[in-house]
Amino acid sequence: AQSVTQPDIHITVSEGASLELRCNYSYGATPYLFWYVQSPGQGLQLLLKYFSGDTLVQGIKGFEAEFKRSQSSFNLRKPSVHWSDAAEYFCAVGDGNNAGNMLTFGGGTRLMVKP
Amino acid sequence: SQTIHQWPATLVQPVGSPLSLECTVEGTSNPNLYWYRQAAGRGLQLLFYSVGIGQISSEVPQNLSASRPQDRQFILSSKKLLLSDSGFYLCAWRDAYTQYFGPGTRLTVL
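First to last, the sequence lines map onto chains A and B.
The numbering of the first sequence is this note's numbering, which starts it at 1171 and goes up by one.
The numbering of the second sequence is this note's numbering, which starts it at 309 and goes up by one.
Keep in mind that a hint or two might mislead.
Stated by the list, open to error - Here are the simulated DMTMM-like cross-link-like pairs (lysine to aspartate or glutamate), alpha carbons at most 25 Å apart as the crow flies: (1) B:LYS388 - B:GLU334; (2) A:LYS1284 - A:ASP1224; (3) A:LYS1284 - A:GLU1190; (4) A:LYS1231 - A:GLU1190; (5) B:LYS387 - B:ASP403; (6) A:LYS1284 - A:GLU1258; (7) A:LYS1219 - B:ASP393; (8) A:LYS1219 - B:GLU334; (9) A:LYS1231 - B:ASP403.
It is worth saying that the hints were derived from the structure and are not from the lab.
Please read these numbers as outputs of a predicted model, since none were measured by experiment.
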């Protein structure tokens, strides 16, 4: 069965500092990988996704993520954090081999931004 | 473009009362649809998914049920709510292996 681990429950960074959120997955084949962001009381917004090809993917709001097969990781990065980036971030792995194409989510990382 | 709506946005219900949450998708046909629950301080739990009208798969046994009476409508129901049903309910639709989420419904059971 697939699984996703986000080791950091909370992260606090200063505005303007760089950010890296960790995501490790367990999946038998080539995974479909996603990062979503959720502001308080809102739904999830897709930041970026990886299916195949270039292992460094660019997303919205200046975010990028790198797929590293050898480390089973898909870490999210941003070079300079803005106060509006404070939110909860979810990594997910998708199973393209079943009809339902369910996603398995990590537990989330809550990002706080200091002024 | 596609949009997804959830209704209502917030709901406060007494224990033992019935529940009906609605999700509708516009701009696409025959999408896969999903219901998730997010309990306070916890991650997302897949409750149900549907690959077509009248086709419902349940991921977690509980007192909730789902129905898909129309192609782009997905309904989450309960006959008698429990305190543990409180949470944030999210509907999603799928496009080419990517799921897109609605704005959610905040349910509080008192």
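Each hint, compared with the structure:
Between the alpha carbons of LYS388 of chain B and GLU334 of chain B the distance comes to roughly 30 Å, so the proposed pair goes past 25 Å and is violated. Between LYS1284 of chain A and ASP1224 of chain A the alpha-carbon distance is near 33 Å, which puts this suggested pair outside the 25 Å criterion. The straight-line distance between the Cα atoms of LYS1284 of chain A and GLU1190 of chain A is roughly 16 Å, inside the 25 Å bound, and the hint therefore holds. For the hint linking LYS1231 of chain A to GLU1190 of chain A, the alpha-carbon distance of about 14 Å falls within 25 Å, and the restraint holds.
Only pairs whose Cα atoms come within 25 Å are accepted, and LYS387 of chain B paired with ASP403 of chain B is rejected, the gap being roughly 32 Å. This hinted pair checks out: LYS1284 of chain A and GLU1258 of chain A have alpha carbons roughly 15 Å apart, not beyond 25 Å. This hinted pair does not check out: LYS1219 of chain A and ASP393 of chain B have alpha carbons roughly 31 Å apart, beyond 25 Å. With a C-alpha separation of about 23 Å, the suggested pair LYS1219 of chain A and GLU334 of chain B falls inside the 25 Å cut-off, and the hint holds.
A distance of roughly 21 Å separates the Cα atoms of LYS1231 of chain A and ASP403 of chain B; the hinted pair therefore holds under the 25 Å criterion.
Violated hints, listed in ascending order, are 1, 2, 5 and 7; each of the other numbered hints is respected by the structure.
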